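Colleague: Protein chains in written order, with our numbering: chain A, 1 to 354; chain B, 355 to 623.
Derived from the structure by calculation, the hints contain no laboratory data. The structure presented is a predicted model; accordingly, all values stated were derived computationally and were not measured. Even glycine gets a Cβ: it sits at the ideal position worked out from N, Cα and C. Misleading hints may appear alongside valid ones.
What the hints assert, rightly or not - Beyond 12 Å from chain B on every Cβ pair, some chain A residues (computed):
| hint | residue |
| --- | --- |
| 1 | Ala17 |
| 2 | Glu32 |
| 3 | Gly101 |
| 4 | Leu102 |
| 5 | Glu103 |
| 6 | Leu168 |
| 7 | Glu245 |
| 8 | Arg284 |
| 9 | Glu317 |
Said to hold, decoys possible - Label pairs and their calculated CB-CB ranges:
| hint | chain 1 | residue 1 | chain 2 | residue 2 | range |
| --- | --- | --- | --- | --- | --- |
| 10 | A | Leu72 | B | Ala516 | 32 to 38 Å |
| 11 | A | Leu72 | B | Ala484 | 41 to 47 Å |
| 12 | A | Gly14 | B | Ala516 | 52 to 58 Å |
| 13 | A | Asp117 | B | Ala607 | 46 to 52 Å |
| 14 | B | Thr458 | A | Ala17 | 20 to 26 Å |
| 15 | A | Gln13 | B | Val568 | 45 to 51 Å |
| 16 | B | Asp522 | A | Ser40 | 19 to 25 Å |
The residues making up each chain are set out below.
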Amino acid sequence: MIQIENATKTFGQGDSAFTALRDVSVDIAANEFFTLLGPSGCGKTTLLRLIAGFEPPTKGAILLSGSDISRLPPNQRPVNTVFQNYALFPHMSVAQNIAFGLEMLGKPKAEIAKTVDEMLRLVRMEELKDRRTSEISGGQQQRVALARALAPHPQVLLLDEPLSALDLKLRKEMQIELKRLQSETGITFVFVTHDQEEALTMSDRVAVMNAGRILQVGSPRDIYERPSERFVANFIGESNFLDAERIGGDVTLAAGGSFAAAVPEGVPEGKVSVLIRPEHIRVRGGQPEAGELSAKVETVVYSGDATTLHLRLATGEVLKARMANAPDSDAAVPAEGQDAAVSIAPGAVTVLRD
Amino acid sequence: MADARKGYSVRTLPGFAIVALFTLVALYAPIAILVVFSFNEGTSLAIWEGFSLRWYRQAIANEAVQDAALRSLFLALSASFVATTAATMAALATTRTRRFPGRTIIYALINQPLMVPEIVTAVALLIVFAWIKVWTGHTSMIYLIVAHTAFCIPFAYLPIRARLETMDMSLEIAARDLYASRWLTFRRVTLPLMWPGIVAGLMLAFVISLDDVVITEFVKSAGQETLPTYMLGQLRRVVTPEVNAISTAILLAGAILVSLFFRLTNRQS
Chain A
1 MIQIENATKT
11 FGQGDSAFTA
21 LRDVSVDIAA
31 NEFFTLLGPS
41 GCGKTTLLRL
51 IAGFEPPTKG
61 AILLSGSDIS
71 RLPPNQRPVN
81 TVFQNYALFP
91 HMSVAQNIAF
101 GLEMLGKPKA
111 EIAKTVDEML
121 RLVRMEELKD
131 RRTSEISGGQ
141 QQRVALARAL
151 APHPQVLLLD
161 EPLSALDLKL
171 RKEMQIELKR
181 LQSETGITFV
191 FVTHDQEEAL
201 TMSDRVAVMN
211 AGRILQVGSP
221 RDIYERPSER
231 FVANFIGESN
241 FLDAERIGGD
251 VTLAAGGSFA
261 AAVPEGVPEG
271 KVSVLIRPEH
281 IRVRGGQPEA
291 GELSAKVETV
301 VYSGDATTLH
311 LRLATGEVLK
321 ARMANAPDSD
331 AAVPAEGQDA
341 AVSIAPGAVT
351 VLRD
Chain B
355 MADARKGYSV
365 RTLPGFAIVA
375 LFTLVALYAP
385 IAILVVFSFN
395 EGTSLAIWEG
405 FSLRWYRQAI
415 ANEAVQDAAL
425 RSLFLALSAS
435 FVATTAATMA
445 ALATTRTRRF
455 PGRTIIYALI
465 NQPLMVPEIV
475 TAVALLIVFA
485 WIKVWTGHTS
495 MIYLIVAHTA
505 FCIPFAYLPI
515 RARLETMDMS
525 LEIAARDLYA
535 SRWLTFRRVT
545 LPLMWPGIVA
555 GLMLAFVISL
565 DDVVITEFVK
575 SAGQETLPTY
585 MLGQLRRVVT
595 PEVNAISTAI
605 LLAGAILVSL
615 FFRLTNRQS
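Generate the whole structure from the sequences, applying the supplied hints.
Modeller: And the structure:
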């Protein structure tokens with residue numbers, strides 16, 4: 001559907017030049033919910049602006065259904081954007097905002113009226129269609145911005161951190177709403193966010209970006225459970241990084257214990273760094289048996305649904321373990337200062353490219 | 355802005371009441387006296403002889419006043435219209451484009467009439483226009499219109515620019531994203547949103563042109579009196595409350611326009 005081929009974007013010239021995107025290539029499939037995830041300044045919004053046509057790429061090409069659109073102005077691309085600040089036209093009503101794109105496309109009046117009604121229904125705003133955009137709440141403005149961008153039925157919908165201005169409860173509702181809209185309309189969504197939880201819950205695939213590059217592209221499960229490098233593992237979720245020795249598909253931790261591990265391409269044998277997620281670690285009080293590591297409990301933090309323990313291993317490395325709480329789990333959690341036996345779930349060890 | 359001033363009342367400053375009173379009296383007492391005497395029954399500007407609209411009737415019936423008033427209106431309308439059109443384009447070019455070298459210089463050039471003393475501009479125009487008048491033999495209102503347009507431009511430009519600066523560029527980007535061409539983006543989004551600024555600029559330019567004496571006095575050809583230059587001429591001869599009546603009428607027109615101007619510029623989008 002969309003192919004980004006070796007896109008580079010440099011702003012400014014000479015000494016003040018800043019490269020926001022470095023040789024980025026990625027394919028986004030039709031009807032996909034695709035998320036660009038990364039910290040601020042990683043280039044995700046620049047990539048979105050390149051697809052929308054607000055900026056031309058310095059190098060490289062952007063293909064839509066096989067044809068190069070890199071040099072087309074934004075009004076000639078079948079792509080619409082939901083802006084971070086919504087950018088609703090303040091001098092128009094809700095319905096006029098939604099009709100704008102269709103009017104510009106020169107659609108007949110009857111068709112515009114019909115589509116606007118459909119869109120109002122789709123985002124549940126029928127009641128407020130004659131209101132000014134300044135007279136509705138932030139969440140409602142968000143839905144109008146969505147309806148306005150969806151009304152011309154673009155091939156691709158670009159969303160630039162559209163939920164960041166909403167409070168937590170509304171954000172959760174809109175996440176579900178967006179997912180529903182995407183499956184109902186069948187439009188390809190390209191979603192930009194710095195919120196890893198948002199990315200994991202909503203996306204079919206996620207591209208993790210940093211410093212102008214795409215580090216890894218994969219399903220939320222891939223990204224979370226099989227991150228290819230330390231940055232990705234660190235950015236998404238809680239992580240433990242441990243030193244280890246790799247021979248083939250087997251990894252021996254410096255702290256003891258051998259595990260079969262997932263190994264990304266291009267990692268040499270020998271000393272490596274591995275990832276273990278805190279929730280894949282089990283802890284019990286007492287001395288370790290075969291296959292368990294010995295540790296000392298440093299802190300125990302209760303947080304409602306789970307308890308997090310900080311454990312000191314024999315190597316001096318600190319290991320975080322997160323255990324779900326059950327009504328009877330209190331007795332099973334060792335206390336601070338106690339010796340503990342640590343077991344690691346099978347398949348929980350991932351080798352990282354550094 | 356309001357937060358920084360919280361807990362700090364000007365009323366508690368020493369001498370506040372006296373300074374305020376003096377300022378208000380100095381500003382408004384002469385105007386109040388002028389207005390009061392425009393309704394005087396007698397011909398004196400100092401002795402009150404009872405209420406009458408006599409001088410208003412006389413001013414309205416005076417053909418020289420009618421002639422000057424119509425000329426002033428025509429001049430102010432033409433100059434403010436041309437100046438506002440130019441100022442609109444200048445404001446768009448200095449706020450809606452990428453930074454380009456010389457943008458600050460252009461900004462200074464546009465506002466030059468605010469900085470150069472009016473009398474200097476007046477003498478310069480007098481000399482240049484005198485050459486052209488001798489050379490072409492042409493003496494129509496065009497000279498006054500050109501001169502007024504020139505000094506009205508900054509007054510039209512500043513409110514329009516202020517308006518544009520409060521307008522988020524993302525609205526125009528959104529319009530382009532929604533299939534609007536450059537022209538339609540301007541027609542349907544930029545222009546309607548900047549419209550209050552344009553109207554405000556137009557009104558301010560109109561008032562400034564209506565009120566001008568110095569440049570008009572130097573540039574006008576024979577028989578091209580505007581209301582202010584007519585009044586100046588009258589003051590050199592006999593002073594009657596008729597001048598007060600004309601002043602009051604101009605004051606009223608100006609006050610109405612300026613309050614409309616403030617309403618437009620203060621209204622939130």
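Colleague: Indicate, hint by hint, whether the structure satisfies it.
Modeller: Results for each hint:
1. A:Ala17, annotated as away from the interface, keeps every beta carbon of chain B farther than 12 Å; the closest lies near 16 Å.
2. Every CB of chain B is more than 12 Å from the CB of A:Glu32 (nearest about 21 Å), matching its label as outside the interface.
3. Under the 12 Å C-beta cut-off, the non-interface status given to A:Gly101 relative to chain B is violated; the minimum distance is some 4 Å.
4. Not every Cβ of chain B is farther than 12 Å from the Cβ of A:Leu102; the closest lies at roughly 9 Å, contradicting the non-interface assignment.
5. For A:Glu103, the non-interface assignment is contradicted: its Cβ lies about 8 Å from the closest Cβ of chain B, within the 12 Å cut-off.
6. In this structure A:Leu168 is separated from chain B by more than 12 Å, as the shortest Cβ-Cβ distance comes to about 25 Å.
7. Every C-beta of chain B lies more than 12 Å from that of A:Glu245, the closest at about 53 Å, which supports listing it as non-interface.
8. Listed as outside the interface, A:Arg284 is consistent with that label: its C-beta sits roughly 56 Å from the nearest C-beta of chain B, beyond the 12 Å cut-off.
9. Residue-level check passed: A:Glu317 sits 48 Å from the nearest beta carbon of chain B, beyond 12 Å.
10. Distance hint check: the CB atoms of A:Leu72 and B:Ala516 are about 35 Å apart, consistent with the given range 32 to 38 Å.
11. Checking the proposed 41 to 47 Å range against A:Leu72 and B:Ala484 shows it is violated: the Cβ atoms sit about 57 Å from each other.
12. A hinted range of 52 to 58 Å for the beta carbons of A:Gly14 and B:Ala516 is inconsistent with their spacing of about 34 Å.
13. The hint said 46 to 52 Å for the Cβ distance between A:Asp117 and B:Ala607, and at roughly 49 Å that hint holds.
14. Between B:Thr458 and A:Ala17 the CB atoms are about 23 Å apart, so this pair conforms to the stated range of 20 to 26 Å.
15. For the hinted restraint 45 to 51 Å between A:Gln13 and B:Val568, the CB-CB distance of approximately 48 Å keeps it satisfied.
16. As the Cβ distance of B:Asp522 to A:Ser40 is approximately 20 Å, the hint placing it in 19 to 25 Å holds.
Hint compliance for this structure: hints 3, 4, 5, 11 and 12 are broken, all remaining hints hold.
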